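Novice: Here's the letter readout for the chains.
There are 2 protein chains.
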Amino acid sequence: MTYCVGLKLDRGLVFMSDTRTNAGVDNISVFRKMFLWEREGERSITLMTAGNLATTQAVVSLLNERAKPAEERGAPSILEAPSMFQVAKLVGETLREVIAEQTGRVGPQADGPFSATLILGGQVRGGEPRLFLVYPEGNFVEASLDTPFFQIGETKYGKPILVRAYDPSMSFEEAVKLLMLSFDSTVKANLSVGLPLDLHLYTAESFRTGMIRRIERDDAFYEMISSGWGEALRAAFDRLPAYSLD
Amino acid sequence: MTYCVGLKLDRGLVFMSDTRTNAGVDNISVFRKMFLWEREGERSITLMTAGNLATTQAVVSLLNERAKPAEERGAPSILEAPSMFQVAKLVGETLREVIAEQTGRVGPQADGPFSATLILGGQVRGGEPRLFLVYPEGNFVEASLDTPFFQIGETKYGKPILVRAYDPSMSFEEAVKLLMLSFDSTVKANLSVGLPLDLHLYTAESFRTGMIRRIERDDAFYEMISSGWGEALRAAFDRLPAYSLD
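Residue numbers (numbering that gives the first Met the number 0), protein chains in the order written: chain A, 0 to 245; chain B, 0 to 245.
Hints were generated in silico from the structure; no laboratory data involved.
Remember, predicted model here, so these are calculated numbers, not experimental data.
A virtual CB, placed ideally from N, CA and C, is assigned to each residue, including glycine.
Check the hints yourself; a few may be wrong.
[To be verified] Computed beta-carbon distance windows for the label pairs:
| # | chain 1 | residue 1 | chain 2 | residue 2 | range |
| --- | --- | --- | --- | --- | --- |
| 1 | A | E141 | B | R233 | 24 to 34 Å |
| 2 | A | G126 | B | E172 | 52 to 62 Å |
| 3 | A | D245 | B | E39 | 17 to 27 Å |
| 4 | B | R216 | A | E172 | 38 to 48 Å |
[What the hints assert, rightly or not] Below are the SDA-like pairs computed for lysine to any residue, each with C-alpha atoms no more than 20 Å apart in a straight line:
| # | chain 1 | residue 1 | chain 2 | residue 2 |
| --- | --- | --- | --- | --- |
| 5 | A | K187 | A | E230 |
| 6 | A | K187 | A | E215 |
| 7 | A | K187 | B | L161 |
| 8 | B | K187 | A | D166 |
| 9 | A | K187 | B | E153 |
| 10 | B | K187 | A | P147 |
| 11 | A | K67 | A | E41 |
| 12 | A | K187 | B | F236 |
| 13 | B | K187 | A | A164 |
[Stated by the list, open to error] From chain B, some residues computed to sit far from chain A (all C-beta separations above 12 Å):
| # | residue |
| --- | --- |
| 14 | D9 |
| 15 | E64 |
| 16 | A66 |
| 17 | S76 |
| 18 | E79 |
| 19 | A99 |
| 20 | R129 |
| 21 | A142 |
| 22 | G193 |
| 23 | F206 |
| 24 | R207 |
Bound conformation, chain A alone:
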């Protein structure tokens, strides 16, 4: 299993993914479920993957191949597409193509053991930072004010705290804390989601890869947040009045 969250803030985009499934991909800027592309000063693209590993690896490999100028095979590249919308379209088409090759199934039948779902975010000069959820059918939806974040993988345990505490004006520091709490709820409930976590903070209008960090199993802040949250929840619970049986 997997858990990835992409969050849209006023000041940029926040991406966090777990790493428990090992991808064998070897790439200069690859975290295991988080893949980064940039053209400094012009665009930054982040992709997070959940689902069948063969499928997601093939998608990333194809996107990589087509992004290399040397290849020049005529296939459109996510480094050339004129907008994040066009990038999302390319990523969706690549995903659909891979699933169709492996299963012979396209469109509404694409769900199944070879399926995958992706979170895509970034910014291309001339446009806003944008965040997309790409379905196995190849289509996608965009984050909006009403839906300011996307989750893929094991999404349910970590959703209540996101719904309750998200605020588009929050700082990166607060957002990382929020995502760590969401991941902690998931890790505590589902053994197949685990640390270390990968983090990418994209600052709006920077058009370059932002801060990337791997949060290791023994990360002091994560441990403090995890145990502190348990106590804070219990304290919050105790402060609410008990039900009256009368």
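Got chain A sorted already, so can you dock chain B onto it with the hints?
Specialist: What follows is chain B alone, placed relative to chain A:
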């Protein structure tokens, strides 16, 4: 969808179920997803159901028929079984029988559109209060100190708070508050789970149906807990230190 929780406490058993799917069953002590049997002074049995409505109705109808002395068809009755373990065995067999009749599938293949899962709890004189989770295959597991509660239906959103705040020594009043928070997290995330909620509090060694109550949509305590919890979570979140990007 459905959400039901059974909780084992030192002082007894707590059952809560939502009601969003309408069951057409008409029975003297039936809530829509919660079914009660008693022999005052001797036993109290509570059953909660999730899954295919035709299946769960058939199971309850069969259990009811066989519990009527007038029928005397030789089939064993949950009002006669000598222990909660034997009651669980009867319920499991009845569930397996219904699924097998409807689908021709038994055992490990019983999962599917006609499937159902049950929470069963109660006490028979001579034994402890016991709580079981009954699978569509007809087998079951019992709540223990390590797993002091069971959930069926849409279980994930409401699990983190149960894990964090449950305490076997808590009062019924605290337990109802805890379950309301768990239900509130679920209701907020999944439209197909909804109020009103049904509640049964079984007091250990009472051998009779305990307090039953329907928590309606406009229940003042539920509304207060729901909004108070949002604020309490935000306050708890704010009190934790933010991540440092340095």
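Novice: Take the hints in turn and mark each one as holding or not.
Specialist: To see whether the hints hold, each was checked on the structure:
Remark: the range hint 24 to 34 Å for E141(A) to R233(B) is upheld by a beta-carbon distance near 27 Å. The hinted window of 52 to 62 Å between G126(A) and E172(B) holds, with their beta carbons roughly 54 Å apart. Checked against the hint of 17 to 27 Å, the C-beta distance between D245(A) and E39(B) comes to roughly 23 Å, which is consistent with it. Between R216(B) and E172(A) the Cβ separation comes to about 39 Å, which falls inside the hinted range of 38 to 48 Å.
With a CA separation close to 15 Å, the supplied pair K187(A) and E230(A) stays within the 20 Å bound. A C-alpha spacing of about 16 Å is found between K187(A) and E215(A), which places the hinted pair at or below 20 Å, so the restraint holds. For the given pair, K187(A) sits about 12 Å from L161(B) by alpha-carbon distance, which is consistent with the 20 Å threshold. Between the alpha carbons of K187(B) and D166(A) the distance comes to roughly 17 Å, so the proposed pair stays at or under 20 Å and holds.
As the CA atoms of K187(A) and E153(B) are separated by approximately 18 Å, the hinted pair is consistent with the 20 Å bound. Taken as a hint, the K187(B) and P147(A) pair is honoured in the structure, with Cα atoms around 16 Å apart against an allowance of 20 Å. Between K67(A) and E41(A) the CA atoms are separated by roughly 16 Å; this keeps the pair inside 20 Å, and the hint holds. This hinted pair checks out: K187(A) and F236(B) have alpha carbons roughly 18 Å apart, not beyond 20 Å.
Note on K187(B) and A164(A): the hinted pairing holds, with a Cα-Cα distance of about 14 Å set against a maximum of 20 Å. No beta-carbon of chain A comes within 12 Å of the beta-carbon of D9(B); the shortest separation is about 16 Å. Interface exclusion of E64(B) from chain A stands, the closest Cβ pair being 34 Å apart, more than 12 Å. No beta-carbon of chain A is positioned within 12 Å of the beta-carbon of A66(B); the least distance is around 29 Å.
Interface exclusion of S76(B) from chain A stands, the closest Cβ pair being 32 Å apart, more than 12 Å. With a minimum CB-CB distance of about 32 Å to chain A, E79(B) clears the 12 Å threshold, and the non-interface call stands. Even its closest Cβ contact with chain A, about 28 Å, leaves A99(B) beyond 12 Å, as expected for a residue assigned away from the interface. Every C-beta of chain A lies more than 12 Å from that of R129(B), the closest at about 23 Å, which supports listing it as non-interface.
With a least beta-carbon separation of about 18 Å from chain A, A142(B) lies farther than 12 Å from that chain, consistent with its non-interface assignment. For G193(B), the condition that its CB be more than 12 Å from all CB atoms of chain A holds, with the nearest at approximately 16 Å. The non-interface label for F206(B) is consistent with chain A: the shortest C-beta to C-beta separation is roughly 19 Å, beyond 12 Å. Consistency note on R207(B): stated as away from chain A, and its beta-carbon is indeed over 12 Å from all of that chain's, at 16 Å minimum.
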